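Asker: Got chain A sorted already, so can you dock chains B and C onto it with the hints?
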Amino acid sequence: MLGILNGKVYDPSNSVEAQVRDVWVKDGRIVSAQDVDCEKAEIIDASGLVVMAGGVDVHSHVVGSKVNAARKFRPEDHYGNTRERTALTRSGSGFTVPSTFLTGYLYAEMGYTTVMEAATAPLVAKHTHEELEDTPMLDMGAFITMGNNHFIMECIRDGLMEKARDYVAWLLNATKGYAIKIVNPGGVENWKWRRNVGELDDEVIGFGVTPRQIVTTLAQIAEELGLPHPIHVHGINLGRSTSARTTIETMATIEGRRAHFCHLQFLSYGKQAGTLHRSEAAKVAAMVNANPNLTVDVGQIVFGEATTMTSDGPLQYGIHMQTGNKWMNDDIENETGGGIVPIRYSRNNAINAVMWRTGLELALLIDNPWQVLLTTDHPNAGPFIHYPQVIKLLMDRGYRSAMFERLNPRGRKGALLPELHREYSLSDIAVVTRAGPARVLGLKHKGHLGVGADADITVYADLDDKEEMFARPRYVVKEGVVVVVDGALVRERRGKTLYVAPAYDTGIEADIREHFRKNYTISIDNFSVHADHFPHREMVCCR
Amino acid sequence: MSENFILVTGRTVKQASGLHKGKDTDAYRRAVTVVEMNPEDMARLGIGEGRLVRLHTSAGQMEAPVHAGALPLKMVFIPMGPEANKLVGPETDGTGMPSFKGLTVEVEPA
Amino acid sequence: MKTVVENVTCTFCGCLCDDITVEVEDNRISRVRRACANGRGIFLDYDPTPKKPTVAGREVEWEDAVAAAAEILVRADSPLIYGLSSSACEAQRKAIELADLIGAIVDTTSSVCHGPTGLAMQAVGEPSATLGEVRNRADLLIFWGCNPAASHLRHFERYSLNAQGTLVPNGRRDRTMVVFDVRPTATAKAADQFFQVLPDSDFEVLAALRALVQGKEIESDSVGGIPLGRLRDLTERMKACRFGVFFMGMGLTMSRARDINVRELFALTAQLNEFTRFIVIPMRGHGNVAGADQVLTWQSGYPFAVSYARGYPQYGPGEFSAVDVLVREEADAALILASDPVAHFPHAAAMQLKRIPTIVIDPVVNLTADTAQVFFPTCCYGVDAEGVSYRMDNVPIRLRGALPTVRPTDESVLDAIIETVKRC
Chain A
1 MLGILNGKVY
11 DPSNSVEAQV
21 RDVWVKDGRI
31 VSAQDVDCEK
41 AEIIDASGLV
51 VMAGGVDVHS
61 HVVGSKVNAA
71 RKFRPEDHYG
81 NTRERTALTR
91 SGSGFTVPST
101 FLTGYLYAEM
111 GYTTVMEAAT
121 APLVAKHTHE
131 ELEDTPMLDM
141 GAFITMGNNH
151 FIMECIRDGL
161 MEKARDYVAW
171 LLNATKGYAI
181 KIVNPGGVEN
191 WKWRRNVGEL
201 DDEVIGFGVT
211 PRQIVTTLAQ
221 IAEELGLPHP
231 IHVHGINLGR
241 STSARTTIET
251 MATIEGRRAH
261 FCHLQFLSYG
271 KQAGTLHRSE
281 AAKVAAMVNA
291 NPNLTVDVGQ
301 IVFGEATTMT
311 SDGPLQYGIH
321 MQTGNKWMND
331 DIENETGGGI
341 VPIRYSRNNA
351 INAVMWRTGL
361 ELALLIDNPW
371 QVLLTTDHPN
381 AGPFIHYPQV
391 IKLLMDRGYR
401 SAMFERLNPR
411 GRKGALLPEL
421 HREYSLSDIA
431 VVTRAGPARV
441 LGLKHKGHLG
451 VGADADITVY
461 ADLDDKEEMF
471 ARPRYVVKEG
481 VVVVVDGALV
491 RERRGKTLYV
501 APAYDTGIEA
511 DIREHFRKNY
521 TISIDNFSVH
531 ADHFPHREMV
541 CCR
Chain B
1001 MSENFILVTG
1011 RTVKQASGLH
1021 KGKDTDAYRR
1031 AVTVVEMNPE
1041 DMARLGIGEG
1051 RLVRLHTSAG
1061 QMEAPVHAGA
1071 LPLKMVFIPM
1081 GPEANKLVGP
1091 ETDGTGMPSF
1101 KGLTVEVEPA
Chain C
2001 MKTVVENVTC
2011 TFCGCLCDDI
2021 TVEVEDNRIS
2031 RVRRACANGR
2041 GIFLDYDPTP
2051 KKPTVAGREV
2061 EWEDAVAAAA
2071 EILVRADSPL
2081 IYGLSSSACE
2091 AQRKAIELAD
2101 LIGAIVDTTS
2111 SVCHGPTGLA
2121 MQAVGEPSAT
2131 LGEVRNRADL
2141 LIFWGCNPAA
2151 SHLRHFERYS
2161 LNAQGTLVPN
2171 GRRDRTMVVF
2181 DVRPTATAKA
2191 ADQFFQVLPD
2201 SDFEVLAALR
2211 ALVQGKEIES
2221 DSVGGIPLGR
2231 LRDLTERMKA
2241 CRFGVFFMGM
2251 GLTMSRARDI
2261 NVRELFALTA
2271 QLNEFTRFIV
2281 IPMRGHGNVA
2291 GADQVLTWQS
2301 GYPFAVSYAR
2311 GYPQYGPGEF
2321 SAVDVLVREE
2331 ADAALILASD
2341 PVAHFPHAAA
2351 MQLKRIPTIV
2361 IDPVVNLTAD
2371 TAQVFFPTCC
2381 YGVDAEGVSY
2391 RMDNVPIRLR
2401 GALPTVRPTD
2411 ESVLDAIIET
2421 VKRC
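Line by line, the protein sequences are chains A, B and C.
Reminder that position 269 of the first sequence reads as 269 in my numbering, one-by-one numbering, no gaps.
Reminder that position 110 of the second sequence reads as 1110 in my numbering, one-by-one numbering, no gaps.
Reminder that position 376 of the third sequence reads as 2376 in my numbering, one-by-one numbering, no gaps.
Just chain A, with the same shape it has in the complex (with noise of 0.2 Å):
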């Protein structure tokens, strides 16, 4: 049992904002006093300090097939940046792509409980799953990559969206999976032809379907599958000049149905003349404000060493082709794709200064923060470990302006950044950072301080420096459990994976041998993730 007393709380899915209050844990949940001893309970005295609900990213690439080729690929990433083993603590390296015990720990340290990886390949699930059990102190759940899925788009194809439907959910079962995700529809497959697809009627070729087909069918079966969170989206011209059109268009092709658009800094883009891109964050973030049932996360560029990974394998190539940087691609059969380019962003590079100011446009001109979450798309606009740096820069205008100042003179001509002078409340910073990711994720028992709520919470010294008061949480709080003091581990947790097992026909099944047979170099029986493998896991329900 714990209590937590007199802190200032901010717990805005319940309506709470910096009211002193107790919070009180017994047996990995939030109580109410009365069902607390209070004479045995261990008490934390939080006068004067900050409490919030532990931190959930819903958007970051940290364990899995891509991740590890990316630490295998980059040992230059690691020198350094290493942490020794204690007697409680494995050791670890790496700064854009840690090492998994090290990413546990580091996002502890900063207050963050729940992650949410951002891209699994269902042929290799089972590899992030194994990685899942070696990343300890935090609740996880893996998105299951659909958007180029054969089996899927042979079924749009054909016209048979029950059959897509009971695939989808076979398929969540199958990889242990939380919700679908989807990047550059149909463009991944297109890769495998040396091709990309431009416009949400292109073809895929091969299937004769559109990207628009395959996010609608998406967007469609998520919501009759009951998932508790929607479609994850990555979508198509990441990265290019007329990215902020298709991402409006892909966003109104979805017709109310709920979605959730990821990184989107990277696809809000548009053309001006000369070489540079504009930022269209103005555009995109009045498409957002119209529509209640879309969800975005920032994916905001943080100046200094990334690395880019993601399943849009075209993109990957053009990355390699433009910076010249050393190139990994994955060709995934029958499913997906992707690479691996380490980039550096530059507040001297003026591509680099505009997509800096247009994450932070989008984050100021979307104007409820429960529709604007905050990432950093880890590890590609830059690593988790400077979310703080980012929470500074929304809250802070002063800090903002200074940091423009520096950009790239190009990179800064004509921008809207200056005339923005909202700044996030500590309240606002609360929804972006874990009340507002745990109800897109449809996490009922995380992101909140109500009774009945996992007992995640995070204790911040209420600095002034708002980098400083993030970067080194007081407290932090696992399943009931003090896990952190002062920013230092104390006490190593493992947390459980979280899935979703919609229900699907089970007569889909003879189809889906037959397709294997066909297509795959694996068994259908040896493909599922087996669950005694993988034994600290929670079924999160459908609706």
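Source of the hints: derived by calculation from the structure; they are not laboratory data.
Keep in mind it's a predicted model, so treat the numbers as computed, not measured.
Just so you know, not all the hints are guaranteed correct.
Straight-line distance between alpha carbons at most 27 Å, and here's what the computed BS3-like set of lysine-lysine pairs gives [claimed, not checked]:
| id | chain 1 | residue 1 | chain 2 | residue 2 |
| --- | --- | --- | --- | --- |
| 1 | B | Lys-1086 | C | Lys-2354 |
| 2 | A | Lys-271 | A | Lys-283 |
| 3 | C | Lys-2189 | B | Lys-1074 |
| 4 | A | Lys-26 | A | Lys-444 |
| 5 | C | Lys-2216 | B | Lys-1021 |
| 6 | A | Lys-413 | A | Lys-271 |
| 7 | B | Lys-1021 | C | Lys-2002 |
| 8 | C | Lys-2354 | C | Lys-2051 |
| 9 | A | Lys-496 | A | Lys-444 |
| 10 | A | Lys-326 | C | Lys-2216 |
| 11 | B | Lys-1086 | B | Lys-1074 |
| 12 | B | Lys-1021 | C | Lys-2354 |
| 13 | A | Lys-326 | C | Lys-2052 |
| 14 | B | Lys-1021 | B | Lys-1074 |
| 15 | C | Lys-2052 | C | Lys-2354 |
| 16 | C | Lys-2422 | C | Lys-2052 |
| 17 | A | Lys-413 | A | Lys-283 |
| 18 | B | Lys-1014 | B | Lys-1086 |
| 19 | C | Lys-2189 | B | Lys-1014 |
| 20 | A | Lys-496 | A | Lys-26 |
| 21 | A | Lys-518 | A | Lys-163 |
| 22 | C | Lys-2052 | B | Lys-1021 |
Answerer: Only chains B and C this time, still in chain A's reference frame:
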């Protein structure tokens, strides 16, 4: 009268059986104690099929029966294993990988 | 009473064929279907009878062997943990946990196999794909410095040359096969075109191809023993194919330029993507050496040649790789998991293993086990132990195990050693 050859070591199906049958069997020993050579080289060196040949490098030496094989001139092939490794030196040139292929060996009839 | 177990995965090589059917009678495997000669050996020659561990060649009880192993490791100033590639990921994770605990150097068979491939990938990248993409799309296959006809016996049939795929319905007839090697191997005999390279000239040939792909002129008539005209033709063929694949092996990693050879090949592969789709897949040898790379990387950040001596992982191919460590006499004890370095290391390194106290964990009494101070006869992964193993293209595959597990598993031995070391 010895000559310099290039040594290549590698897998054979017979050698691979040592993994599961065990490497203390006669079959394994026979599988890894053999040298393949171009028949023209054999003739020039005066070594008949199945006769013993001695190979050595600065790392060590070994003897094995020689068999005619599809090899370019002045190249010998020995299946990977403890016999071949008597010839392989410890240097890895900073890579961790010894020179298992492309070594210069002196070859003569035993 | 006979039981039939389907969809068993064979762990002999990086093919990880998972379509094997095994018949079991009286707790022994009586019949194996679809496996190649190597795979059949793994199943049919295995005796799952539990045997006692040994210390100094004498059989002892389990607890005594664990205690003896723990003592060796605790006393050592500079222990080496080596091997890992013929064991499931569950055991590999334990081996690395042990290394982290005792500050050991941990290295895998990658060092003497595809270590240089890893170095090349770290330098220039590796455009790759899963084997199904090869089977379904590839119309041009180039085998460079590898001999699957001797090492990966079902590769052609399941994944490459002879396999039928969705865009390759006629299998062999729809594919062109090219082989580069220093000698005419059985694989070369299956090729449409064989390029016999002069020994230690692969780098020059690859550099020439890179130049030709970029449209540069080359002044020599031949490179590495190959007439320039043939290289020019090949260049055009590569640029014009639909989906090209390089398979590469020890011919590149073990000859003189090692990782620099592989770098050149990977760079060539990347360049070809300006014209068409081209990928490369390293022919990983052992059944779970790809898994060893993966596990060591996700736990430490680095794929092989890792030292935990300072309390955090350090990467050092050439410094912490097992052959170098042994030859420089920098290890004073070794734990060998699922590999046979006494058979496969250069003589000097193999001899050093006989001079220091070693602990060997393996299903079979191999040459390294012969000289071990402590030997644990364990399960054979995929035969009587379940788990996960990674194929050469990094696809994780379930090992279902054909026989019941009666011997200790590798991971249970390592776990026991870890717990005992913690108490010391």
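Asker: For each hint, tell me whether it holds in the structure or not.
Answerer: Hints versus structure:
1. Lys-1086/B <-> Lys-2354/C: Holds. Lys-1086/B to Lys-2354/C sits at ~15 Å (cutoff 27 Å).
2. Lys-271/A <-> Lys-283/A: Measuring from Cα to Cα gives roughly 13 Å; hence the hint holds.
3. Lys-2189/C <-> Lys-1074/B: holds (21 Å)
4. Lys-26/A <-> Lys-444/A: Given pair Lys-26/A, Lys-444/A holds - Cα atoms ~18 Å apart, limit 27 Å.
5. Lys-2216/C <-> Lys-1021/B: Status violated; Cα separation ~52 Å.
6. Lys-413/A <-> Lys-271/A: holds (14 Å)
7. Lys-1021/B <-> Lys-2002/C: Status holds; Cα separation ~24 Å.
8. Lys-2354/C <-> Lys-2051/C: holds (23 Å)
9. Lys-496/A <-> Lys-444/A: holds (15 Å)
10. Lys-326/A <-> Lys-2216/C: holds (22 Å)
11. Lys-1086/B <-> Lys-1074/B: Holds, because 20 Å separates the two Cα atoms, which is no more than 27 Å.
12. Lys-1021/B <-> Lys-2354/C: This hinted pair holds, its Cα atoms lying about 22 Å apart.
13. Lys-326/A <-> Lys-2052/C: With Cα atoms ~50 Å apart, Lys-326/A and Lys-2052/C exceed 27 Å; violated.
14. Lys-1021/B <-> Lys-1074/B: Distance ~33 Å between Lys-1021/B and Lys-1074/B Cα, so the pair is violated.
15. Lys-2052/C <-> Lys-2354/C: Answer holds: Lys-2052/C to Lys-2354/C is near 22 Å, not above 27 Å.
16. Lys-2422/C <-> Lys-2052/C: holds (24 Å)
17. Lys-413/A <-> Lys-283/A: holds (18 Å)
18. Lys-1014/B <-> Lys-1086/B: Given pair Lys-1014/B, Lys-1086/B holds - Cα atoms ~20 Å apart, limit 27 Å.
19. Lys-2189/C <-> Lys-1014/B: holds (19 Å)
20. Lys-496/A <-> Lys-26/A: This hinted pair holds, its Cα atoms lying about 18 Å apart.
21. Lys-518/A <-> Lys-163/A: Given that 27 Å is the threshold and the Cα spacing comes to 18 Å, the pair holds.
22. Lys-2052/C <-> Lys-1021/B: holds (19 Å)
Taken one by one, the earlier hints fail for this structure at numbers 5, 13 and 14, listed in ascending order.
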